[in-house]
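*Asks:* Which chain is which? The protein sequence lines are X, R and U, in order.
Numbered per this note's numbering, the first sequence spans residues 1 to 127.
Numbered per this note's numbering, the second sequence spans residues 128 to 254.
Numbered per this note's numbering, the third sequence spans residues 255 to 381.
Misleading hints may appear alongside valid ones.
[Said to hold, decoys possible] Restraint-style ranges between C-beta atoms, simulated for each label pair:
{"hint": "1", "chain 1": "U", "residue 1": "Q318", "chain 2": "X", "residue 2": "G10", "range": "18 to 28 Å"}
{"hint": "2", "chain 1": "X", "residue 1": "R9", "chain 2": "U", "residue 2": "E276", "range": "13 to 23 Å"}
{"hint": "3", "chain 1": "X", "residue 1": "A36", "chain 2": "U", "residue 2": "D303", "range": "31 to 41 Å"}
{"hint": "4", "chain 1": "U", "residue 1": "D303", "chain 2": "R", "residue 2": "E165", "range": "13 to 23 Å"}
{"hint": "5", "chain 1": "X", "residue 1": "T14", "chain 2": "R", "residue 2": "S205", "range": "37 to 47 Å"}
{"hint": "6", "chain 1": "U", "residue 1": "Q318", "chain 2": "R", "residue 2": "P140", "range": "17 to 27 Å"}
{"hint": "7", "chain 1": "U", "residue 1": "E276", "chain 2": "X", "residue 2": "A36", "range": "25 to 35 Å"}
{"hint": "8", "chain 1": "U", "residue 1": "S350", "chain 2": "R", "residue 2": "R228", "range": "40 to 50 Å"}
[As the list claims (entries may be wrong)] Just some of the chain U residues that point at chain R, by a computed CB distance under 8 Å:
{"hint": "9", "residue": "M255"}
{"hint": "10", "residue": "D284"}
{"hint": "11", "residue": "V288"}
{"hint": "12", "residue": "F300"}
{"hint": "13", "residue": "D303"}
{"hint": "14", "residue": "Y311"}
{"hint": "15", "residue": "R316"}
{"hint": "16", "residue": "K336"}
{"hint": "17", "residue": "K337"}
{"hint": "18", "residue": "N349"}
{"hint": "19", "residue": "K352"}
{"hint": "20", "residue": "E356"}
{"hint": "21", "residue": "V358"}
{"hint": "22", "residue": "E364"}
Rather than coming from a laboratory, the hints here were simulated on the basis of the structure.
Glycine is no exception: its CB is placed at the ideal position from the N, C-alpha and C atoms.
Chain residues, written in single-letter form:
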Amino acid sequence: MPLTQIFLRGGKPTGYRLAIAESLQKALTDALGVPAEERFQLITEFGKDNFIFDPSYKNISRSQDLVMIVITLKAGRSNELKKSLYQTIVTELGNSPKIRREDVLIVLHENGPADWSFGDGGAQLLD
Amino acid sequence: MPLTQIFLRGGKPTGYRLAIAESLQKALTDALGVPAEERFQLITEFGKDNFIFDPSYKNISRSQDLVMIVITLKAGRSNELKKSLYQTIVTELGNSPKIRREDVLIVLHENGPADWSFGDGGAQLLD
Amino acid sequence: MPLTQIFLRGGKPTGYRLAIAESLQKALTDALGVPAEERFQLITEFGKDNFIFDPSYKNISRSQDLVMIVITLKAGRSNELKKSLYQTIVTELGNSPKIRREDVLIVLHENGPADWSFGDGGAQLLD
Numbered sequence: 001m002p003l004t005q006i007f008l009r010g011g012k013p014t015g016y017r018l019a020i021a022e023s024l025q026k027a028l029t030d031a032l033g034v035p036a037e038e039r040f041q042l043i044t045e046f047g048k049d050n051f052i053f054d055p056s057y058k059n060i061s062r063s064q065d066l067v068m069i070v071i072t073l074k075a076g077r078s079n080e081l082k083k084s085l086y087q088t089i090v091t092e093l094g095n096s097p098k099i100r101r102e103d104v105l106i107v108l109h110e111n112g113p114a115d116w117s118f119g120d121g122g123a124q125l126l127d
Numbered sequence: 128m129p130l131t132q133i134f135l136r137g138g139k140p141t142g143y144r145l146a147i148a149e150s151l152q153k154a155l156t157d158a159l160g161v162p163a164e165e166r167f168q169l170i171t172e173f174g175k176d177n178f179i180f181d182p183s184y185k186n187i188s189r190s191q192d193l194v195m196i197v198i199t200l201k202a203g204r205s206n207e208l209k210k211s212l213y214q215t216i217v218t219e220l221g222n223s224p225k226i227r228r229e230d231v232l233i234v235l236h237e238n239g240p241a242d243w244s245f246g247d248g249g250a251q252l253l254d
Numbered sequence: 255m256p257l258t259q260i261f262l263r264g265g266k267p268t269g270y271r272l273a274i275a276e277s278l279q280k281a282l283t284d285a286l287g288v289p290a291e292e293r294f295q296l297i298t299e300f301g302k303d304n305f306i307f308d309p310s311y312k313n314i315s316r317s318q319d320l321v322m323i324v325i326t327l328k329a330g331r332s333n334e335l336k337k338s339l340y341q342t343i344v345t346e347l348g349n350s351p352k353i354r355r356e357d358v359l360i361v362l363h364e365n366g367p368a369d370w371s372f373g374d375g376g377a378q379l380l381d
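Could you build all of it, start to finish, from the sequences and the hints given here?
*Replies:* Written as structure tokens, this is what we have:
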């Protein structure tokens with residue numbers, strides 16, 4: 001059930017963006033058990049002036065390669081699972097397309113099983 | 128109170144996108160009783176590489192005409208009302224601009240009455 | 255911890271958009287005590303056809319200068335603090351870049367302390 005939004009600066013090749021998407025999906029599968037085919041991802045590219053971030057908040061050194069990731073998923077994962085997800089995401093993005101650990105910001109939005117319709121007008125997580 | 132975000136591939140005519148927005152608003156009104164004038168909608172168009180979806184998850188056959196719809200609304204609707212909303216949305220989008228039922232993915236985000244300011248710095252759902 | 259998304263019509267100068275971002279951050283700091291360096295903001299510009307709003311809902315007169323602001327933040331602020339935030343935002347945006355109070359729509363999304371990773375794969379609000 002995740003819907004993943006990926007926000008980054010424009011100018012990276014298609015293969016780089018695709019690698020982000022693939023690594024994120026792999027992390028969701030490995031850390032949370034999300035089926036590989038439960039994949040819905042939107043990538044938005046920003047000009048420099050529209051992509052604003054603090055370069056050192058929490059003593060983490062961020063570059064223009066920062067990726068902000070917003071994942072909407074059904075509520076119910078424990079804090080431990082979420083921590084594991086974050087670690088898995090930075091590891092996978094570090095492998096491909098080789099993003100620095102400091103350049104990965106993740107925000108989760110939780111909702112309920114009634115809040116998803118994957119098509120056909122159904123509420124598939126309720127049925 | 129809904130804020131509706133509409134995500135789709137680029138390349139469709141303006142009238143097509145406008146029809147999506149109008150049908151969605153009609154569905155919110157018909158299914159949930161949202162006032163017709165409570166209308167705030169953002170449409171974002173994506174290139175092929177930035178719009179990633181599984182073509183058959185949950186045995187639903189999706190095409191490049193897929194529309195992903197994210198609706199933020201005040202909490203409190205029952206599961207039955209949400210199911211009715213999904214059915215109404217696919218019916219309306221099927222009427223205009225004639226989108227296949229399989230090509231409609233919907234995600235709801237709920238928040239509270241204090242979480243909306245429609246202008247003037249007010250919290251109109253609290254007052 | 256806020257992640258702020260700023261949605262507006264395209265065509266404004268860079269300085270105008272930057273002023274929105276700066277005023278919003280100042281409002282978060284002044285009203286909620288968010289550290290100035292806790293700053294993550296995304297600005298998205300829309301063509302006219304993709305930016306749809308009612309011009310008078312709740313008897314508030316909106317123009318094409320409308321800014322829709324979506325703030326994701328950790329749950330726990332009282333209704334009074336949220337009301338203060340809305341007032342502070344419209345005041346700051348009224349100062350710079352001089353946006354009318356009627357042209358500011360704000361939506362909050364709350365999540366939990368486990369739902370943030372600011373980099374390095376950590377869950378910094380838990381640790």
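*Asks:* Each hint should be assessed against the structure and marked as holding or not.
*Replies:* Hints, one by one, checked against the model:
1. U:Q318 x X:G10: 18 to 28 Å: Holds, since Q318 of chain U and G10 of chain X (Cβ atoms, about 25 Å apart) stay within the stated range.
2. X:R9 x U:E276: 13 to 23 Å: For E276 of chain U against R9 of chain X, whose Cβ atoms are near 20 Å apart, the range 13 to 23 Å holds.
3. X:A36 x U:D303: 31 to 41 Å: 36 Å, holds
4. U:D303 x R:E165: 13 to 23 Å: With a Cβ separation near 20 Å, D303 of chain U and E165 of chain R satisfy 13 to 23 Å, so the hint holds.
5. X:T14 x R:S205: 37 to 47 Å: 43 Å, holds
6. U:Q318 x R:P140: 17 to 27 Å: 22 Å, holds
7. U:E276 x X:A36: 25 to 35 Å: 42 Å, violated
8. U:S350 x R:R228: 40 to 50 Å: Taking Cβ atoms as reference, S350 of chain U and R228 of chain R lie about 47 Å apart, which means the hint holds.
9. M255: With a closest approach of 16 Å, the M255 of chain U hint is violated.
10. D284: With Cβ-Cβ at 14 Å, over 8 Å, it is violated.
11. V288: 17 Å, violated
12. F300: It holds, given that the least Cβ distance between F300 of chain U and chain R is near 6 Å, below 8 Å.
13. D303: Constraint on D303 of chain U satisfied, holds at 5 Å.
14. Y311: At about 5 Å, which falls below the 8 Å cut-off, the nearest Cβ of chain R leaves the hint on Y311 of chain U intact, so it holds.
15. R316: Cβ of R316 of chain U sits 7 Å from chain R, so the hint holds.
16. K336: 5 Å, holds
17. K337: Status holds, d = 5 Å.
18. N349: 13 Å, violated
19. K352: Hint violated; K352 of chain U Cβ to chain R Cβ min 15 Å, cut 8 Å.
20. E356: At 5 Å from the nearest chain R Cβ, E356 of chain U passes the 8 Å test, so the hint holds.
21. V358: At 6 Å from the nearest chain R Cβ, V358 of chain U passes the 8 Å test, so the hint holds.
22. E364: Since the shortest Cβ distance to chain R is 7 Å, the answer is holds.
When held up to the earlier numbered hints, the structure conflicts with 7, 9, 10, 11, 18 and 19 and fits the remainder.
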